[in-house]
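Trainee: Chain residues, written in single-letter form:
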Amino acid sequence: MGISVQLLSKTYGSQKAVDQISFEATEGKILGFLGPNGAGKSTTMKILTCFLPQTSGKAFVCGFDTSNDSLQVRKNIGYLPESNPLYHDMYVKEFLYFVGNTYHLQNLKTKVEQVILATGLEKEQHKKIGQLSKGYKQRVGLAQAIIHDPKVLILDEPTSGLDPNQLIEIRKLIKELGKTKTVILSTHIMQEVEAICDEVIIINKGKIVANNTLQGLLEEHQEKSLEPIFVKLTRDV
Amino acid sequence: MLTIYKKELYSYLSSLVAYITIGLFLVVLGLFLWVFPDTSILDYGYATLDSLFSTIPYLFMFLIPAITMRSLAEEKKEGTFELLATRPLTDWDIVLGKYLAALTLVLFSLIPTLVYYISVYQLGTTLGNIDSGAVIGSYIGLFLLGGAFVSIGIFSSSITKNQIIAFAIAVFLCFFAFSGFESASQVLSLQKFDSILIGLGINEHYQSISRGVLDSRDLLYFLSFIVLFLLVTKTILGGRKW
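Residue numbers (UniProt numbering), protein chains in the order written: chain H, 1 to 237; chain Y, 1 to 242.
If you're looking for bench data, these hints aren't it; they were derived computationally from the structure.
It is possible that part of the hints are untrue.
Chain Y regions said to be covered by chain H (calculated; three or more residues, Cβ under 8 angstroms) [said to hold, decoys possible]:
1) 5 to 15
2) 86 to 94
Quick list of in silico lysine-lysine cross-link-like pairs, DSS-like style, CA-CA up to 30 angstroms [what the hints assert, rightly or not]:
3) Lys172(H) <-> Lys127(H)
4) Lys207(H) <-> Lys76(Y)
5) Lys179(H) <-> Lys111(H)
6) Lys207(H) <-> Lys58(H)
7) Lys58(H) <-> Lys76(Y)
8) Lys76(Y) <-> Lys134(H)
9) Lys93(H) <-> Lys77(Y)
10) Lys192(Y) <-> Lys137(H)
11) Lys6(Y) <-> Lys123(H)
12) Lys161(Y) <-> Lys127(H)
13) Lys151(H) <-> Lys58(H)
14) Lys6(Y) <-> Lys93(H)
15) Lys16(H) <-> Lys77(Y)
16) Lys137(H) <-> Lys6(Y)
17) Lys77(Y) <-> Lys137(H)
18) Lys205(H) <-> Lys58(H)
19) Lys29(H) <-> Lys179(H)
20) Lys76(Y) <-> Lys16(H)
21) Lys76(Y) <-> Lys151(H)
22) Lys75(H) <-> Lys192(Y)
23) Lys75(H) <-> Lys76(Y)
Note that the coordinates shown come from a computational prediction; the quantities given were computed from them, not determined experimentally.
Even for Gly, the Cβ is constructed at its ideal location relative to N, Cα and C.
Sequences are here, hints too, so could you generate the full structure?
Mentor: Structure (structure tokens):
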């Protein structure tokens with residue numbers, strides 16, 4: 001189960017965004033997806049969530065093929081896109097009910113209450129999304145990704161724009177979710193990876209340059225932190 | 001599909017868009033029918049609603065694109081389309097939900113005009129001296145015309161991120177589909193095909209239904225018109241190339 005990607009490629013015109021990457025992500029582990037801007041992280045995530053079709057290769061989520069069983073994949077996946085798009089003129093609760101309805105959830109009322117509690121949105125739940133600060137919008141984004149209790153979570157830079165307190169809370173939440181789900185998260189913050197990820201994939205110019213457990217990667221390069229490894233592997237020569 | 005439909009309808013009704021466009025539509029229609037002497041029912045002297053049914057298509061040409069212009073263009077611009085597309089919803093769910101919500105709004109704008117029917121019904125020298133069959137036919141015609149215009153509007157909204165462009169394209173396409181073919185048939189070198197060209201335009205079929213005769217050919221024309229535009233819209237959305 002979890003995620004399995006085999007020789008996945010995506011070409012935009014003549015530019016190769018993702019170039020024959022393969023990796024696996026297993027249940028109960030948090031996979032950190034690292035790479036410089038434009039390396040192909042978001043593209044890979046968009047293919048996994050069936051938003052974009054791949055040019056070649058295969059991707060399986062929970063055993064379902066993203067190109068043939070797209071509906072099944074989308075039922076089992078929770079996704080927080082990079083720009084965190086939300087309907088700004090909807091109320092927080094209204095939006096969560098709408099999202100819940102797209103999954104035909106039973107007991108929607110309790111589910112919405114649970115997810116509001118889990119993401120710490122109690123005080124803001126009666127506001128319009130447009131009125132929320134960036135950190136709270138990010139929480140709404142996370143709430144819509146986990147409301148249907150998906151088996152797989154794909155989070156594209158979930159902690160960008162959060163203050164240090166919020167960072168700690170959201171990381172705690174992701175860590176908690178990671179115990180039972182397959183989580184892939186992309187980030188530019190190395191400390192975050194060190195704090196919550198079990199496995200690390202570094203991608204550069206569409207190719208995977210490192211795929212290891214966090215511990216394994218540190219030992220392999222004989223470093224104490226990820227940053228020098230990241231710089232070494234992705235710097236233009 | 002129902003989820004999208006509800007969400008769209010709520011978002012129309014909870015913003016000013018719906019009230020302002022429908023309100024303006026009714027004001028302009030009222031002016032044409034009762035105040036401006038050229039088209040006024042009172043000055044005309046006959047108890048008919050002909051001027052109502054000849055004015056509304058031209059108002060719809062602006063009203064409907066105004067309603068539909070944001071439906072897909074905004075989703076794409078704000079990136080919220082990604083939210084919709086990564087749910088277990090098919091592209092048809094999204095397109096049809098949005099189509100039906102806009103169509104419902106068009107229906108809402110038509111309902112208040114029934115007041116005019118009642119007024120004219122009361123005004124007739126012998127009470128009720130109005131061709132009710134033709135009125136019913138015309139309303140069905142208007143609804144189908146609205147359905148066709150909404151499908152054009154949704155289509156225009158799917159090809160761009162910019163609402164103004166979506167509006168402009170939709171107005172043009174609505175106008176052309178309504179009376180463009182008919183006018184083109186008068187071009188000298190096209191006169192050989194004039195009956196085909198006239199048959200392609202909406203006006204011909206709208207007029208035919210307005211007479212109070214519901215011909216299956218006209219019905220089929222409107223249905224295929226709507227399906228065609230929705231099909232193209234769905235294909236464009238599926239391509240994700242914008």
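Trainee: Next, verify each hint and record whether it holds.
Mentor: Against the structure, the hints:
Interface restraint, the region 5 to 15 of chain Y with chain H: holds (6 residues with C-beta to C-beta distance below 8 angstroms; minimum three). For the region 86 to 94 of chain Y, the stated coverage by chain H is satisfied: 5 residues place a CB nearer than 8 angstroms to a CB of that chain, which reaches the threshold of 3. Among the hinted pairs, Lys172(H) with Lys127(H) is consistent with the structure: their alpha-carbon atoms are about 25 angstroms apart, no more than 30 angstroms. Restraint check for Lys207(H) and Lys76(Y): satisfied, since their Cα atoms lie roughly 29 angstroms apart, inside the 30 angstroms limit.
For the proposed pair Lys179(H) and Lys111(H), the alpha carbon gap of about 20 angstroms is at most 30 angstroms, so the pair holds. Annotation: proposed proximity of Lys207(H) to Lys58(H) holds, straight-line Cα distance about 16 angstroms (limit 30 angstroms). Pair hint Lys58(H) plus Lys76(Y) holds up; C-alpha atoms about 27 angstroms apart against a cutoff of 30 angstroms. A threshold of 30 angstroms between alpha carbons decides the hint, and for Lys76(Y) with Lys134(H) the separation of about 21 angstroms falls inside it, so the pair holds.
Between the alpha carbons of Lys93(H) and Lys77(Y) the distance comes to roughly 23 angstroms, so the proposed pair stays at or under 30 angstroms and holds. Annotation: proposed proximity of Lys192(Y) to Lys137(H) is violated, straight-line Cα distance about 62 angstroms (limit 30 angstroms). A C-alpha spacing of about 27 angstroms is found between Lys6(Y) and Lys123(H), which places the hinted pair at or below 30 angstroms, so the restraint holds. A threshold of 30 angstroms between alpha carbons decides the hint, and for Lys161(Y) with Lys127(H) the separation of about 28 angstroms falls inside it, so the pair holds.
Taking the CA atoms of Lys151(H) and Lys58(H), the gap is about 19 angstroms. The hint holds against a cut of 30 angstroms. For the hint pairing Lys6(Y) with Lys93(H), the CA-to-CA distance comes to about 15 angstroms; that is within 30 angstroms, so the pair holds. As the CA atoms of Lys16(H) and Lys77(Y) are separated by approximately 24 angstroms, the hinted pair is consistent with the 30 angstroms bound. For the hint linking Lys137(H) to Lys6(Y), the alpha-carbon distance of about 23 angstroms falls within 30 angstroms, and the restraint holds.
Proximity of Lys77(Y) to Lys137(H) is assessed by CA-CA distance (about 18 angstroms); at most 30 angstroms being required, the pair is judged to hold. At roughly 19 angstroms between alpha-carbon atoms, Lys205(H) and Lys58(H) fall within 30 angstroms of each other, so this suggested pair holds. The straight-line distance between the Cα atoms of Lys29(H) and Lys179(H) is roughly 7 angstroms, inside the 30 angstroms bound, and the hint therefore holds. Only pairs whose Cα atoms come within 30 angstroms are accepted, and Lys76(Y) paired with Lys16(H) is accepted, the gap being roughly 24 angstroms.
For the hint pairing Lys76(Y) with Lys151(H), the CA-to-CA distance comes to about 28 angstroms; that is within 30 angstroms, so the pair holds. Restraint check for Lys75(H) and Lys192(Y): not satisfied, since their Cα atoms lie roughly 56 angstroms apart, outside the 30 angstroms limit. For the hint pairing Lys75(H) with Lys76(Y), the CA-to-CA distance comes to about 22 angstroms; that is within 30 angstroms, so the pair holds.
Of the hints listed earlier, those the structure fails to meet are numbers 10 and 22, in rising order.
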